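Residue numbers (my numbering): 1 to 194.
Quick caveat, the hints were computed from the structure, so don't treat them as lab data.
These numbers were taken from a predicted model, which means no experiment stands behind them.
All C-beta atoms, glycine included, are put in the ideal place defined by N, C-alpha and C.
Using C-beta positions, here's what the derived DEER-type ranges look like:
id: 1; residue 1: 162; residue 2: 90; range: 12 to 20 angstroms
id: 2; residue 1: 23; residue 2: 106; range: 45 to 53 angstroms
id: 3; residue 1: 106; residue 2: 164; range: 20 to 28 angstroms
id: 4; residue 1: 151; residue 2: 11; range: 49 to 57 angstroms
id: 5; residue 1: 108; residue 2: 16; range: 40 to 48 angstroms
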Amino acid sequence: MDEPPPYQSVLDEVGARLRGLRAQRGLTLAALSEATGISKSTLSRLESGQRRPSLELLLPLAGAYHVPLDDLVGAPEVGDPRVRLTPRTMPGGGTVVPLTRSPGPLQAYKMLILDRGAEPDLRTHEGYEWLYVLDGRLRLVLGEHDLVLGPGEAAEFDTRVPHWFSSADGRPVEILSLFGRQGERMHVRAKPRT
Numbered sequence: 001m002d003e004p005p006p007y008q009s010v011l012d013e014v015g016a017r018l019r020g021l022r023a024q025r026g027l028t029l030a031a032l033s034e035a036t037g038i039s040k041s042t043l044s045r046l047e048s049g050q051r052r053p054s055l056e057l058l059l060p061l062a063g064a065y066h067v068p069l070d071d072l073v074g075a076p077e078v079g080d081p082r083v084r085l086t087p088r089t090m091p092g093g094g095t096v097v098p099l100t101r102s103p104g105p106l107q108a109y110k111m112l113i114l115d116r117g118a119e120p121d122l123r124t125h126e127g128y129e130w131l132y133v134l135d136g137r138l139r140l141v142l143g144e145h146d147l148v149l150g151p152g153e154a155a156e157f158d159t160r161v162p163h164w165f166s167s168a169d170g171r172p173v174e175i176l177s178l179f180g181r182q183g184e185r186m187h188v189r190a191k192p193r194t
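Kindly produce the complete structure, drawing on both the sequences and the hints.
Written out as structure tokens, the structure is:
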């Protein structure tokens, strides 16, 4: 025996909502038909559940009642949009806070990086990374480049290139990191400074 789709109960309640709204507003089927251009028989069948609601029918009704479409449908609420930040200690000191809550091709992190010493310990791994310095000075060693980035500066690189980063001046540095494990590149659209 086939189970009804999970949204069936939501659809089943639309008729009662429509009937309730019409009664609340003190409208007759004839008045609502005139306001929406939907026939009285169609409106009656919608309210009794004998006709399935469609966008072509619900949009004019939402307009006539001056309510969002979600109010007519009784759409289920979406999940909690807040990201629960759970800081983790990084090897070698510092803190990393994952900012994305579900697995996916791109992950975002806020990192507090401490001074890791003057001698770089270069690493490589699959992926592509984009770093943005929020506060402090970041020393980034990338292949043969030894760079210092300040607040507002960004770098992006293929993580298969040997790399390492640390505080540039002994004080903690705060960065945002976007990382794609499969090598996805970030697309930044910004106007150049003049």
